[in-house]
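**Student:** First to last, the sequence lines map onto chains A and B. So for the first sequence, my numbering puts the first residue at -18; every next one is plus one. So for the second sequence, my numbering puts the first residue at 123; every next one is plus one.
Hint data in this document are derived by calculation from the structure and do not stem from the laboratory. A couple of the hints might just be wrong.
What follows is a list of derived Cβ distance ranges for each label pair [to be verified]:
hint, chain 1, residue 1, chain 2, residue 2, range
1, A, A80, B, G178, 37 to 43 Å
2, B, G197, A, A191, 52 to 58 Å
3, A, N353, B, E332, 55 to 61 Å
4, A, K275, B, L147, 39 to 45 Å
5, B, G178, A, A332, 26 to 32 Å
6, B, L292, A, N353, 37 to 43 Å
7, A, E111, B, L194, 47 to 53 Å
8, A, D316, B, L147, 40 to 46 Å
Pairs of lysine-lysine, BS3-like flavour, derived with a Cα cap of 27 Å [claimed, not checked]:
hint, chain 1, residue 1, chain 2, residue 2
9, B, K244, B, K355
10, A, K204, A, K49
11, A, K178, A, K435
12, A, K106, A, K450
13, B, K176, A, K91
14, A, K106, A, K95
15, B, K244, A, K170
16, A, K204, A, K498
17, A, K450, A, K387
18, A, K170, A, K498
19, B, K355, A, K387
20, B, K355, A, K95
21, A, K422, B, K355
22, A, K246, A, K499
23, A, K448, A, K45
For glycine and all other residues, C-beta sits at the position ideal for the given N, C-alpha and C.
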Amino acid sequence: MKPNAMLFAAAALAFSLSPVGAESVLKIRPFGDLKQIDPIVTSDYMVRNHGYMVYDTLFAMDEKLEIKPQMVESYEISADNMTYTFRLRDGLKFHNGAAVVANDVVASLKRWGKKDGLGQTLIAKTAKLEAVDDKTVRLVLAEPWGLVLDALGKPSSNVPFIMPASIAATPADQSITDPVGSGPFIMKKDEWVPGAKIVYVRNPNYTPRADAPSGLAGAKIAKVDRVEWHYIPDAQTALNALQAGEIDILEEIPPDLLPVIRSVKDIKIVRQDSLGAQAVFRMNTIQPPFNNQKIRQAVSYMINQKTFLSAYIDDPAQITECPSFYMCASPYKTDAGWPKPDMAKAKQLIAESGYDGTPVVILHAQESGPTNTFSLVAAQVMREIGLKVDAQAMDWGTLVGRRASKAPTSQGGWSLFISAPTGADMMEPVGHLALRSNCDKAWFGWPCDETIEKLRAEFAVTVDIEKRKKLAEQIQLRAVETVPYWPIGQISLMRAQSARVDGVLNAAIPVYWNISKK
Amino acid sequence: MIGFAAKRIAATAPVLVLVAVFVFLLLRLAPGDPAAIIAGEQATPEQILAIRQKLGLDAPLLSQFASWIGQLALGDLGQSIFSGLPVSELIAQRLQPTLMLAMATIIFAVLIAIPLGVIAAKRAGSLIDRMTMAGAVLGFSTPVFVIAFLLVYIFALSFRLFPTQGYVPLEQGVLASLHSLVLPALALSWTYIALIARVTRAAVLDVLQEDYVRTAHAKGLSEARIMSRHVLKNAAAPVITVIGIGLAALLGGVVVTETVFSIPGLGRLTADAILRRDYPVVQALILLFSVVYVLANLIVDLSYGLVDPRVRA
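Sequences are here, hints too, so could you generate the full structure?
**Tutor:** And the structure:
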C-alpha cells in the first residue's frame, strides 16, 4: 500500500472509531471565552450569557422589548406603587432537585443589589424585601421608584439571576463556584475546560412557561440534549469548522468574513441579538483636553456616523445611523437637539475653546474590530479639526487597565477610548452606561453634571411612559450640551448558522433554548 | 557520566531562579490590570480597587514575590485569577494536547527529514538534492499559519479527510486522537523538516569526505554498514543538537498552531493568560517552559556524551 493510501485508510478507520452519540448536540462558537461563572461578581457579557443558560429570572424582556413575568406567576402592585408582591410559579426547581422558594429570591436579589448599578438603587430605595411564604416575595419601597420591574427584568449585566439561597450567601465580592441554578440547562462543570470548552445538558426538571417563547421571555424549552460552547479564538478557523459541520452556530462574525460566508451553501447569516451595539466615543472629562466642554462639543459636530460606520462595515443592513443617545429600538429614542455633522463648526469650536495643544491620547485596542477601525477614523478626523493626537496601540487587556486611571495623560492617563457596549445597556436614562453623569460613580471618563443626574432621578420615580419620554428628551438636550460621550452609531452583530439549525430566537441577548437540529 | 550529568543539572538551577524573577517583574511592569478585566464593562474604579485588594495585587511587589515563591516552594502553583481553578489543574488539562502535538511533530520531522537529508548528501548535486534543498528553503520561509490554512483547505474542507480544528483526547480513542493531530503536526513540522534535513545533509556530506569512510569503502564494507556504523553515528551530534533545540523552539510554534487549529493546549493557555493578565497562570507556564527548555538542552548535552566519549572527559 502506498503511504498516501495508508494515511487515508487510517483516517477512514479513525472516523469509524469516533464516538457516535445518539443525543442531539448543539455546538456553538461563542464570541468569547467563559472566564468564570459568577454573573454577579462581573459584568462580562460571556458570563451573562452563561447565566442565561443555567439561571432563570423573575422577569424577562420579550421580543418587543417589554418586561414580562418569567419565574413569577402573578404579581400585584399596591395603589400607591410602593408595595410589590410576587408569586412564584409552581414546579420551579434547582438543578439539585430543591424547590425554588421565596428565600432564594430574596437572597439572590440582595446579592445582586450589592453589585449592579440598577440593583443598588433598587435596594437603596427598598424598605423591606421579604419572603411572605415559600411562594411569595414582598418588596416594600421606602420612597417612590418607577423602575422596579425594569430592574428585575433587565436583560444585560448584571442580570438579577435567581440562585439557591446557600449560594447567594456568598459575599458579593467573592466568586461563586457552584453553577447550580434553575434554568433550562445544567452546566457540566467537570467537562469545563477554561479557554476551550463549556458543556451544558438539558435540565430535565425545568418547567417552562405555557406562553410562547418571545425574546428572553416565555417558554424556555431545551430542544437539544446538550449544548457545547467551543471557544475558537481565530475567526477563520471557526468559519472552517462551521463549513465542515463541526459547529452549528458562529457568533460575532468579523465583517471581512461576511462576503466569504455568503458564498457558502447551507449557512445562513442572521442577527445575533435584536438590539445590536452602540459604538461610543468616550472622552475623559476630568483631564485636558476633553475637560473643556467646548472641545467636547466640537467632537459632537465632528462625528459623522456614516463616515465612521461605513469604514467598518460596507453593508447598510448592519449599520444604523441613530441621532440619539438611546438605541433607535428604544421607546425613548429622540433626535431632540441633535446637531448635524459640520466640520467647519467643529473647527470653529476648537478655535473658541482656547485649546493649548495637549495631545488627545487614544487608547487604541487593535485586536478588536470596531474599536480598531473607529480609533483610526477618530484620529484622522480629530487631526482635521486641529487637535493633536497621540494614538497609543495596545491590546484590549491594556486598554481595560489604563482606562481606570484618572491620572493626567503625561502620567499614564488617557483622553479617549472607543468601545461598543451592547444596546441593552443604552436603552433608557437610568441604566444607560455612558449617559450617567454622577462624577466618580460614572463610567470611565467620569462626566459630572447635576442637571442630568436630577433628571435621571426624576425619570426613575416616574411611572407614566409619556412623562418618561419627555424626561428622556430633556436628558438628551442637556447631554448634547455637556457631551458626556458621543455615539458613533449602531452596529448589528451577526452570527452564522448552519441550515440544520432551527428555532433561533430574536432576543436582546443570544440564548440557546428553543433551538432544534435537523 | 553521572558526575557530568549532576554538574549539568546543578548548572540549571540559577537559570530557573533568574527566569522566575524576570517573569514576575516583567508581568508586573507590563501595562494592564487583571482586576479591571475581571470587573467588566460596568465597573467603577472603586469596584476595581476592591478586586485588586482582594487579589492582593495592591501589596508591595516584594511581598507578592515572596508569597509566590513561598507557594512554589510548597509545590503550589496558585490559582487562576479568573476561573479560580488551581493552575496545576489548568496545566494538567492542557498538557496532553501539547505533548501529543509536540511528539507527533518531532516524529514526523525526524522520519521525513533524516532520510531526505541523507539521500540529498549521498546524491549531492543531483536533482533530488537540489529539490530537497529548495524545499528546505521554502519550508523555512513559509509561516506556519500559511501552511496550516493550506492544509485545512485541501485536506479538511475539500477532501473532508481530517477535522478543520479541535483535539480529540486520547481517552476518546487513540486513533481518533491521532486523526485530529495529523494536520496540526504536519503544519508545525514543516519548518523542522527543512531545518533537520539541511543540517543532516551538511553533516553527512562532511563525514562522507573523511578518510575513514574512504577506508571503509576500500575494505569492501557494504553501503548500509558504512552508513550506519561510520557515517550516521559521526554525523549525529549536530543533528541531535538541532532536534533538541527544535523541541524547545516548538513551544513557541505551538502557540500559533494551537490557535489556528483551536487545540486547547499550553500554547493557547499561555496566549489567553497573557491577554487577560492572569499572572499566576503566565508565571507557572513560563517557568514550565523554561524547565522544558533547560531539560531539552540537558538531554542534548548528555546525548553528546553518549555518542562521543571525548565530551565526557
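**Student:** For the pair G178 (chain B) and A332 (chain A), does the Cβ-Cβ distance stay inside 26 to 32 Å?
**Tutor:** violated (50 Å)
**Student:** Does the structure keep K422 (chain A) and K355 (chain B) at a Cα separation of 27 Å or less?
**Tutor:** violated (72 Å)
**Student:** Do the alpha carbons of K244 (chain B) and K170 (chain A) lie within 27 Å of each other, as the hint requires?
**Tutor:** violated (57 Å)
**Student:** If you check the beta carbons of G197 (chain B) and A191 (chain A), does the distance land in 52 to 58 Å?
**Tutor:** holds (56 Å)
**Student:** Can the restraint linking K176 (chain B) and K91 (chain A) be considered satisfied, given a maximum Cα separation of 27 Å?
**Tutor:** holds (21 Å)
**Student:** Do the Cβ positions of K275 (chain A) and L147 (chain B) conform to the proposed distance bound of 39 to 45 Å?
**Tutor:** holds (44 Å)
**Student:** Next pair to validate is K246 (chain A) with K499 (chain A); report whether the Cα-Cα distance is within 27 Å.
**Tutor:** holds (16 Å)
**Student:** Taken at face value, is the distance from the CA of K387 (chain A) to the CA of K450 (chain A) at most 27 Å?
**Tutor:** violated (34 Å)
**Student:** K355 (chain B) and K95 (chain A) were given as a pair; does the straight-line alpha-carbon distance stay at or below 27 Å?
**Tutor:** Outside the cut-off at roughly 71 Å; violated.
**Student:** Would you mind confirming whether the straight-line C-alpha gap from K355 (chain B) to K387 (chain A) stays at or under 27 Å?
**Tutor:** violated (66 Å)
**Student:** K106 (chain A) and K450 (chain A): Cα distance at most 27 Å?
**Tutor:** Since the Cα atoms of K106 (chain A) and K450 (chain A) sit roughly 23 Å apart, the hinted pair holds (cutoff 27 Å).
**Student:** May I ask you to test the hint 37 to 43 Å on the CB atoms belonging to A80 (chain A) and G178 (chain B)?
**Tutor:** Distance hint for A80 (chain A), G178 (chain B) holds at roughly 40 Å.
Hints 5, 8, 11, 15, 17, 19, 20 and 21, counting from the list given before, are not met by this structure.
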